[in-house]
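Take a look at the letters that make up each chain.
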Amino acid sequence: MDAALPHPALRDPAWRGRVVLMLTVAVLLWPLFVATEFKPWTLLAPESLRVSAGFLASFFPPAHGGDFLLLVARETWRTVAIATAGIVLALFVAVPMALLVTRTLSVSALSGRMARGPFWLRQGVRWLLVLLRSVPELVWALVFVRVVGLGATPGVLAIALTYGGMLGKVYAEILESGEAAPTTALLRNGSSRLQAFCYGLLPQNAAELTSYTVYRWECAIRSSVVLGFVGAGGLGQQMDNSVKMFAGGEVATMLIVFIALVALADRVSAGLRRALA
Amino acid sequence: MRVELEGVHARHPAAVATAAAALRGITLSAQPGEALAVVGPSGAGKTTLLQLLACALPPQRGELRVDGQQPWALSRRVLQRLRGQLCLVPQVPPLPPRQRVVTSVLAGRLPAMSLAQSIASLFYPADIPAAHEALARLDLADKLFERVDRLSGGERQRVALARALVSPARLWLLDEPISALDPTRAQQALQVTLDEARKHGATVVASLHQVELALQHFPRIVGLREGVLAFDLPRAELTPARLARLYAQHEHELQGSETAAEPAAAPPAPAPAVMHCR
Numbered sequence: 000m001d002a003a004l005p006h007p008a009l010r011d012p013a014w015r016g017r018v019v020l021m022l023t024v025a026v027l028l029w030p031l032f033v034a035t036e037f038k039p040w041t042l043l044a045p046e047s048l049r050v051s052a053g054f055l056a057s058f059f060p061p062a063h064g065g066d067f068l069l070l071v072a073r074e075t076w077r078t079v080a081i082a083t084a085g086i087v088l089a090l091f092v093a094v095p096m097a098l099l100v101t102r103t104l105s106v107s108a109l110s111g112r113m114a115r116g117p118f119w120l121r122q123g124v125r126w127l128l129v130l131l132r133s134v135p136e137l138v139w140a141l142v143f144v145r146v147v148g149l150g151a152t153p154g155v156l157a158i159a160l161t162y163g164g165m166l167g168k169v170y171a172e173i174l175e176s177g178e179a180a181p182t183t184a185l186l187r188n189g190s191s192r193l194q195a196f197c198y199g200l201l202p203q204n205a206a207e208l209t210s211y212t213v214y215r216w217e218c219a220i221r222s223s224v225v226l227g228f229v230g231a232g233g234l235g236q237q238m239d240n241s242v243k244m245f246a247g248g249e250v251a252t253m254l255i256v257f258i259a260l261v262a263l264a265d266r267v268s269a270g271l272r273r274a275l276a
Numbered sequence: 000m001r002v003e004l005e006g007v008h009a010r011h012p013a014a015v016a017t018a019a020a021a022l023r024g025i026t027l028s029a030q031p032g033e034a035l036a037v038v039g040p041s042g043a044g045k046t047t048l049l050q051l052l053a054c055a056l057p058p059q060r061g062e063l064r065v066d067g068q069q070p071w072a073l074s075r076r077v078l079q080r081l082r083g084q085l086c087l088v089p090q091v092p093p094l095p096p097r098q099r100v101v102t103s104v105l106a107g108r109l110p111a112m113s114l115a116q117s118i119a120s121l122f123y124p125a126d127i128p129a130a131h132e133a134l135a136r137l138d139l140a141d142k143l144f145e146r147v148d149r150l151s152g153g154e155r156q157r158v159a160l161a162r163a164l165v166s167p168a169r170l171w172l173l174d175e176p177i178s179a180l181d182p183t184r185a186q187q188a189l190q191v192t193l194d195e196a197r198k199h200g201a202t203v204v205a206s207l208h209q210v211e212l213a214l215q216h217f218p219r220i221v222g223l224r225e226g227v228l229a230f231d232l233p234r235a236e237l238t239p240a241r242l243a244r245l246y247a248q249h250e251h252e253l254q255g256s257e258t259a260a261e262p263a264a265a266p267p268a269p270a271p272a273v274m275h276c277r
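In the order they appear, the protein sequences are chains A and B. Residue numbers for the first sequence follow numbering that gives the first Met the number 0, so the first one is 0 and each next one is one higher. Residue numbers for the second sequence follow numbering that gives the first Met the number 0, so the first one is 0 and each next one is one higher.
Just so you know, these hints were derived from the structure itself, not from any lab. Owing to the predicted nature of the structure, the values given are computational and were not obtained by experimental measurement. Note that CB positions come from ideal geometry on N, CA and C, so glycine has one too. A few of these clues could be false.
[Unchecked claim] Covered stretches of chain B (chain A as the covering partner; in silico rule of three or more C-beta atoms under 8 Å from a C-beta of chain A):
1) 53 to 61
2) 92 to 98
[Unchecked claim] Restraint-style ranges between C-beta atoms, simulated for each label pair:
3) L120(A) with P57(B): 18 to 28 Å
4) P128(B) with S133(A): 49 to 59 Å
5) A243(B) with A206(A): 44 to 54 Å
6) A18(B) with V26(A): 56 to 66 Å
7) A18(B) with A206(A): 34 to 44 Å
8) R146(B) with L55(A): 55 to 65 Å
9) F54(A) with I118(B): 56 to 66 Å
10) R146(B) with P95(A): 22 to 32 Å
This is chain B alone, in the form it adopts within the complex:
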């Protein structure tokens, strides 16, 4: 799926009217099948950018095009159908605690299912093999019939990723998808997700705190700082100096990400506290 942003300003709907817009003048496009990582210090507007692309937040100014059409000009019904073709994975996995993992994963299929099918699937899960395979790829096959509230934070995050893997979406928007995983698991989860996206021909836009991982796995890196696009470069052209400038005055976040990329023996770096207004 192709997405384009042109000179977009955006603000969180709950923000006070006088607050500065979370994003200012963003111009960015992603081609079908492309994978790009969004990096930047906390509060740079990464989550807002993903919500914009997910048609969850209308731009205040500028233009958003998804596959050539402007989603906010569409009727609500058509827009909802378009939303069925994209998949936003929030940083905090949105899973009801009493649900079983298999149901949570298969919820990613809902846009492609009729109401009757989805109700039948509550009584007997519609496609257990698909859910099992997605979970197996993320090393969670044994949790298939567990309840979500029996899982650890990292396991929940991987269940949310598995939901994207089974979804019919062609645009995956991942908000810090590996923030709760240990370094080895993070590597593996990213690799699996990107492989699967390639197999589906899905476009991936992921915001990441671990810059090292972004450089390892994504061919294209977008830097955001204070709501403005700092750079949009192929990974080969990204110099440490540019990264240092992106994280100026937020060096600990850049440092923290480097320790996180060290071998598994090291304890997982404390995740920087990110305030997400939801």
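In isolation and in its complexed conformation, chain A is listed as follows:
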């Protein structure tokens, strides 16, 4: 027996650790697969194949009744409205917080180190922004659907909160990344922070700030469709209804409209950003 084993010096010393690690991972993952009922082969079972094929076949022809198209148009418009209203509300959250956070606008940091009070205030607001943006808008939407009921309002509020955090953090980063000299000079000559922002930081960064806001608006349109699935209004909510009713034609129409809408928002946003550059 012993003769069959190679000399200890010739055995891979990492081998034992590797096997233990792989076994541990397998042992840890198994309950996860069980808990999530991960059975990909059911997708290929003849029964599920038949259902999927039936559903996909019902996509054609896409629904094109006058009433239905009117409904889709209204819901599409509502989706754009949710995204736009959400972004506008988000600005009310983001702009004041970004101004509070930006280091360049610190008066006490002019002469070396920032004073302790302003430092912790900045840090606190920064954490608040991180908190707002780290909760996904879908979760906010679920919460608000419970609170204010089905409809557009939870969608708008969810986008406002998440995007407020996102915009605020990125605004502060944009404001801090540019040349600080013009702003510092204004502060040193006795301007207030907001004056220094309007005459120093804003002219320097306005294009970048606007461009990022337009990009986020485009993201909000996409995400407001997803929010509809949890009952936050718009195209998504209608799509959810049609999927549950197995109305393939309606789903197909709405998917086409959704793709067109996203493509359009993408074009508009790219055009606006090019105009600003």
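Place chain B on chain A using the hints.
Leaving out everything else, chain B in the frame of chain A:
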């Protein structure tokens, strides 16, 4: 505005702790309405001195008094109000590239304007005539509505000076205000600035590389070398020997300044490369 320094040591906030202080034991005072030029070789501490006077940099030791009060003993709000009465013009004009000249000039007025006024002025400039007049005095009247990034370096420097001309400040601290100008323009810009300062009753402290120009325009010259006050004399008492001693081992800077003062036909002397830690 009266400013006094007494035995002041100062160091740039970004400097390493072990580095020698940029200024050591400076005692200096300027009376209201006085104009004085600070000369000295590169790295002598001229910019640090101006930043000290501008309350941008606290002294490490010694005392700074502006109009009799110690700025660093004041609360931050009162200090910021005091800063509104002085105007520091850095050597590199601090102008946002996308801003229009008229807005950049009127930014000098901000300490005297309320927030509402200053925002309204972004939509329609508050005092176009004042900006126009200041620019006209510096031969830039036609650039009133240009964008700053369309200007040459020398034009930008004059816009920064125009900002001082419209500001409510009573102490003007000019850091090499004419370093990017050709000799004729430099003469004219200095003359206009000093005339306007006299009209406003403002005290002027200017650091200059062109010693000839300093001697021509300023009644009082302060020499700095290696962070120490070398002399503080009325211009009549300043001998070439003292100047030569101030610039010992930096003669090219003294020479360079003399060629710069020659007639406009001569190309502008290459400005000595000054390292400014900002």
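Within 56 to 66 Å or not, the Cβ separation of A18(B) and V26(A)?
59 Å, holds
Counting residues of the segment 92 to 98 of chain B whose CB is closer than 8 Å to a CB in chain A, do you get three or more?
holds (count 6)
Is 22 to 32 Å a correct range for the gap between the Cβ atoms of R146(B) and P95(A)?
At roughly 29 Å between Cβ atoms, P95(A) and R146(B) fall inside 22 to 32 Å, so the hint holds.
Distance restraint evaluation - R146(B), L55(A), Cβ atoms, bounds 55 to 65 Å:
57 Å, holds
Does the hinted range 49 to 59 Å hold for P128(B) and S133(A) at CB?
At roughly 53 Å between Cβ atoms, S133(A) and P128(B) fall inside 49 to 59 Å, so the hint holds.
Taking 18 to 28 Å as the stated bounds, is the beta-carbon spacing between L120(A) and P57(B) within them?
Since L120(A) and P57(B) have Cβ atoms about 22 Å apart, the given range 18 to 28 Å holds.
Go ahead and decide if the range 56 to 66 Å is satisfied by the Cβ distance of F54(A) to I118(B).
57 Å, holds
Per-stretch coverage check for the segment 53 to 61 of chain B, three Cβ contacts closer than 8 Å to chain A
holds (count 5)
Using the beta carbons of A18(B) and A206(A), state whether their distance is inside 34 to 44 Å or not.
39 Å, holds
Can the suggested window of 44 to 54 Å be confirmed for the beta-carbon pair A243(B) and A206(A)?
52 Å, holds
Hint compliance for this structure: no hint is broken.
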